[in-house]
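Protein chains: 2
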Amino acid sequence: MVHLLLDCNGVVILLCVWTVHNERSGAGLHAAVCWTHGPSVCCEPAISIDEEVAKLLQLKAQLGGDEGKHVFVLKTAKGTRDYNPKQMAIREKVFNIIISCFKRHGAETIDTPVFELKETLTGKYGEDSKLIYDLKDQGGELLSLRYDLTVPFARYLAMNKITNIKRYHIAKVYRRDNPAMTRGRYREFYQCDFDIAGQYDAMIPDAECLKIVYEILNELDLGDFHIKVNDRRILDGMFAVCGVPGEKFRTICSTVDKLDKMAWEDVKKEMVNEKGLSEDVADRIGEYVSMQGGQDLAERLLQDPKLSQNKQACAGLTDMKLLFSYLELFQVTDKVVFDLSLARGLDYYTGVIYEAILSQTIPAPAEQNGADEAGVSVGSVAGGGRYDGLVGMFDPKGRKVPCVGVSIGIERIFSIMEQKAETSSEKVRTTETQVLVASAQKNLLEERLKLTSELWNAGIKVEVLYKKNPKLLSQLQHCEETGIPLVAILGEQELKDGVVKLRNVASREEVDVPRADLVDEIKKRTL
Amino acid sequence: MVHLLLDCNGVVILLCVWTVHNERSGAGLHAAVCWTHGPSVCCEPAISIDEEVAKLLQLKAQLGGDEGKHVFVLKTAKGTRDYNPKQMAIREKVFNIIISCFKRHGAETIDTPVFELKETLTGKYGEDSKLIYDLKDQGGELLSLRYDLTVPFARYLAMNKITNIKRYHIAKVYRRDNPAMTRGRYREFYQCDFDIAGQYDAMIPDAECLKIVYEILNELDLGDFHIKVNDRRILDGMFAVCGVPGEKFRTICSTVDKLDKMAWEDVKKEMVNEKGLSEDVADRIGEYVSMQGGQDLAERLLQDPKLSQNKQACAGLTDMKLLFSYLELFQVTDKVVFDLSLARGLDYYTGVIYEAILSQTIPAPAEQNGADEAGVSVGSVAGGGRYDGLVGMFDPKGRKVPCVGVSIGIERIFSIMEQKAETSSEKVRTTETQVLVASAQKNLLEERLKLTSELWNAGIKVEVLYKKNPKLLSQLQHCEETGIPLVAILGEQELKDGVVKLRNVASREEVDVPRADLVDEIKKRTL
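Residue numbers (the UniProt record's numbering), protein chains in the order written: chain A, 1 to 527; chain B, 1 to 527.
Warning: the hint list may mix true and false statements.
It does not matter which identical chain is meant; a pair holds if it fits inside one copy or across any two.
Stated by the list, open to error - Derived lysine-lysine pairs resembling DSSO-like cross-links, with alpha carbons at most 27 Å apart:
#, residue 1, residue 2
1, 523, 93
2, 258, 275
3, 161, 75
4, 130, 461
Treat the hints as calculated values from the structure; they're not laboratory data.
All values derive from a computational prediction rather than experimental measurement.
For reference, chain A alone in the conformation it holds in the complex (with noise of 0.2 Å):
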């Protein structure tokens, strides 16, 4: 016999385990000791604790668990939302001007499971890696549900050893965060992205992604923007000649990431106390963070006696030159900012990087919850950068294809349409109705059905009203409701004389036509 001792917050467990000889099989299980105390581990070949946690999940299962014992609730998932059909409407029309975009730079698409295996997430998000969503163990597989986009497109692409390709993914992500829900932060959302993937000439690709961020941020009519950009090697080239030791890089990074939400002084002080920087170097990065500028700033700080003599910073900064000089060609150096300060979350980037910020601010209901996801500033609706080792972790041979993308933001995005729907006069329509197809007398319900199939075998998006004698105002409220233009209205004495009443439910006027012409009618005013 064995024990298994568990320390955990204070509560000691004692799992002991002894081996039974199976009479059916004949079969014995050996068990090993495991003990563990405290932070200290100790910890001999033991028996899968899976296989235990197996067991008592299906003894569990055998006493029937909680069920029943509590009230059952009428919700979604924590952090999850379902659309309605006016949030679809509005949803549609989004993704309308995302994918024309796209699809005019000439861009496929793809798309990929919701889960993968949990380790081809692994060691992908660094500190995140503890928002993945993880699928319980039913035997077989270990899954994950998606946590982005990119690490899904780069095992595609290790897995079909595909070394070129542009391509977009619209589809939605898991993260167990905090939600913000009213901000449009939630734990199933939308990522719309574009990736370049191949070995091309410095910065076009790269240039292209910004291109397609300004004209889908001007399509969207949100109000001004604009685009921050720097460059990973030019950060850790800053990093380097400020002193910065090259182990505390990342970690630094991501303070300096906080520059969007905090003053310099907490940045700094979050420098110096908490990792450990001192004053001094601490104040010579603030020195650099504070920069901002275009192709003129690249230029100067190639003139800097201390990032000129950084290999790393010089190859940043000339691709930074040379991007600005795309970006000039492409018309959309008004929107965009070369700033030092920015640095983004994510480990994998090794380029340029950029973030586009609205400058309109969403009024912040107050929320019971202010964590803030770190990385993801008020305003931020796009992001991306260039991640050249990404797909090489996944090529068993670490054969690397050079990637540059861009993640739209589409939930922040549909907040803000949404909030400008409500406010506007004009009524979102949820369907496409041209004509519905309506009678004043009883009894018409078998020729209602055959004109309105007549229509949709013609094309014409047709409504009926599923009632065998429908009041003729029910039927024209229901126009007015969903906004539906034409009605189609039948009567004895028009089916005696082969015509269709074909009223404007907006103008009330009412016009007899040929049932001939009627198809060509309805086309014709409902272009």
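We have chain A already, so just place chain B on it with the hints.
Structure of chain B alone, referenced to chain A:
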């Protein structure tokens, strides 16, 4: 100190839990005894097994688990697949046809989260519940991936107190089934659902659902098909008059459902040997389920001396007659068969049920896994029916919202369309690019980017190679590979003359177009 002894497959595990004073918080934890032995369960109020499981899992995480032991496998999760750009192009085409049809019938659309509270799905799917994917308990709510779109729809209606809606919903659902991917059966797959909720006059919305199936299968051009129709009330009435005990209705229904894949003799054997019916009763069922027809069959059965005595059967048959009269008006009776052997698997149907079957069969490749999903015959591509009780299961006061709907089995349709595309000589385009901006000479990158940007700004779909000095041949090859119809070629001479050489890729014709006319010329040629 207490013990928890589990007997699982002959291995006895004893979990000893005792209470220890938590020094920091001053709180104590009380645990009670839970004892199992063999099949009998004797249980006092016990400490939550969840907690113990969570602690074991936490310990496992501290120990590092199995990670690093096995080799990393580059694959998607079992039963799932990526869609490559070609598959996505086909998928988009199929979706457009289906969505156009739904919109033609005046449907709105909604979306629901990919996971629901586990209890929302509990008790809705009968035996199939074992196929539900659960999420790991990471603290918080217990969640499951949606199994279909119908239960989330019913939850949505009840939660929002909606009593009238015509909506479609196209989204992925999840089933831990034995995948048969070559035949289009996956663990992650799309459903395209159209449903009408509301209290209406009999059979009008039901007829529209069948009209929709008819239209979609026609437009997808998948060859001949037929739609089987039956009614749960007719089935139940039939079972009653044949002498099936009431408690066996559902299980005999499942057996009848196998008639599309099994001979009557085998189905009869199952009824008698496994389900315990007498030979007599089975033979009486056998007579009925061999019947097929149209409105005439409904009329004949209304005269059947036994069936006509059963209230349920009469109601079903009367509605069936009415349904056929509407289908006649919709001109779809050529494909609809009233078939008494149609049963369908799901528990929640209460009235009319239907299933569409393609006549063409996909050549089934040899598969390791011979097991077939219950309820889906090889050629079935759509199914549905009336479920008047489901929404009421979610309403605190049990208020019913009658519903009828249909689900299009899109994966099977994708498989067929993909096979068609494989054998067709026509190439599937994966982008919509109208023109490639190219040059034959060196050092024209900036001019290419400038023209590209001009065309993007004018709404033209343009690509440009991301190389400083690409060869003209490789630029033309890119067009041929991806189906780009036009090339806009820039050279020193063209720049001087203010023109662009526009080349038709297929015919190789070239013509100089004044730069100011280029946008119009491209639009004209790529209508």
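A quick look at each hint next to the structure:
no.	hint	result
1	523 with 93	both (23 Å within a copy, 24 Å between copies)
2	258 with 275	within (14 Å within a copy, 67 Å between copies)
3	161 with 75	between (43 Å within a copy, 12 Å between copies)
4	130 with 461	neither (48 Å within a copy, 41 Å between copies)
Checked against the numbered hints given earlier, this structure breaks only hint 4.
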